[in-house]
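Chemist: Each chain, written out:
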Amino acid sequence: AQKITQTQPGMFVQEKEAVTLDCTYDTSDPSYGLFWYKQPSSGEMIFLIYQGSYDQQNATEGRYSLNFQKARKSANLVISASQLGDSAMYFCAMKRGGYQKVTFGTGTKLQVIP
Amino acid sequence: EAGVAQSPRYKIIEKRQSVAFWCNPISGHATLYWYQQILGQGPKLLIQFQNNGVVDDSQLPKDRFSAERLKGVDSTLKIQPAKLEDSAVYLCASSFDRTGRHEQYFGPGTRLTVT
Numbered sequence: 001a002q003k004i005t006q007t008q009p010g011m012f013v014q015e016k017e018a019v020t021l022d023c024t025y026d027t028s029d030p031s032y033g034l035f036w037y038k039q040p041s042s043g044e045m046i047f048l049i050y051q052g053s054y055d056q057q058n059a060t061e062g063r064y065s066l067n068f069q070k071a072r073k074s075a076n077l078v079i080s081a082s083q084l085g086d087s088a089m090y091f092c093a094m095k096r097g098g099y100q101k102v103t104f105g106t107g108t109k110l111q112v113i114p
Numbered sequence: 001e002a003g004v005a006q007s008p009r010y011k012i013i014e015k016r017q018s019v020a021f022w023c024n025p026i027s028g029h030a031t032l033y034w035y036q037q038i039l040g041q042g043p044k045l046l047i048q049f050q051n052n053g054v055v056d057d058s059q060l061p062k063d064r065f066s067a068e069r070l071k072g073v074d075s076t077l078k079i080q081p082a083k084l085e086d087s088a089v090y091l092c093a094s095s096f097d098r099t100g101r102h103e104q105y106f107g108p109g110t111r112l113t114v115t
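Residue numbers (my numbering), protein chains in the order written: chain F, 1 to 114; chain S, 1 to 115.
Just to be clear, a hint being listed does not mean it is correct.
[Stated by the list, open to error] Calculated pairs, SDA-like style, for lysine to any residue (alpha carbon to alpha carbon, straight line, at most 20 Å): (1) Lys44(S) to Gly97(F); (2) Lys15(S) to Arg64(S); (3) Lys44(S) to Ala18(F); (4) Lys44(S) to Ile46(F); (5) Lys3(F) to Ser58(S); (6) Lys3(F) to Arg64(S); (7) Lys83(S) to Ile12(S).
No lab work stands behind these hints: they were computed from the structure.
Take these sequences, add in the hints, and give me the full structure.
Modeler: Below, the structure written as structure tokens:
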């Protein structure tokens with residue numbers, strides 16, 4: 001079964017500090033992709049970063065980086081220099097298969113403390 | 001470029017009534033998704049369209065939910081009759097394979113309350 005696991009229901013981080021949000025996945029497909037989305041309290045889902053299973057380097061997008069460890073089947077999101085606006089729910093998701101079926105994790109609620 | 005549009009934004013109905021949600025994806029996006037997000041949970045895929053064909057509807061409660069995407073553009077999701085447990089936010093998303101990533105762009109969602 002294809003599965004995404006986020007074991008941290010909630011996290012706190014001090015403003016300007018870095019934080020790592022955990023995500024593990026399980027799939028038998030050799031080709032897959034991993035995403036992180038942010039969902040602020042307003043409700044919209046915002047795409048943050050993507051990592052393909054064949055990508056040799058870890059993805060980075062500004063203050064976001066993805067720590068991809070293929071053998072461990074983990075794809076942790078690292079947010080550097082946290083800002084108050086980073087307070088939100090964060091979802092890890094995986095796509096696989098020819099039609100790009102997507103499965104989401106249960107999310108981690110991040111709260112940035114001033 | 002306009003984003004994914006959804007309407008209505010909010011809907012309150014009584015159980016056993018019917019309701020319909022509308023979604024207009026980003027122009028040119030071939031893939032359209034409908035998700036159900038219950039408070040405190042991650043989005044659950046209800047149905048995925050590739051152009052106007054259904055790719056995955058394995059988690060769609062077909063006895064009460066239906067969806068269509070006529071002409072491969074906008075889409076409608078219907079619930080008939082609604083149950084209390086259908087109270088959730090219904091998210092529509094679309095994607096297009098420009099880079100192989102297929103990242104999804106989400107609409108603002110429709111918050112449904114069934115009383």
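Chemist: If a hint holds in the structure, say so; if it doesn't, say that too.
Modeler: Results of checking the hints against the structure:
no.	hint	in the structure
1	Lys44(S) to Gly97(F)	holds, 17 Å
2	Lys15(S) to Arg64(S)	holds, 12 Å
3	Lys44(S) to Ala18(F)	violated, 30 Å
4	Lys44(S) to Ile46(F)	holds, 16 Å
5	Lys3(F) to Ser58(S)	holds, 15 Å
6	Lys3(F) to Arg64(S)	violated, 26 Å
7	Lys83(S) to Ile12(S)	holds, 12 Å
Checked against the numbered hints above, the structure violates hints 3, 6; every other hint is satisfied.
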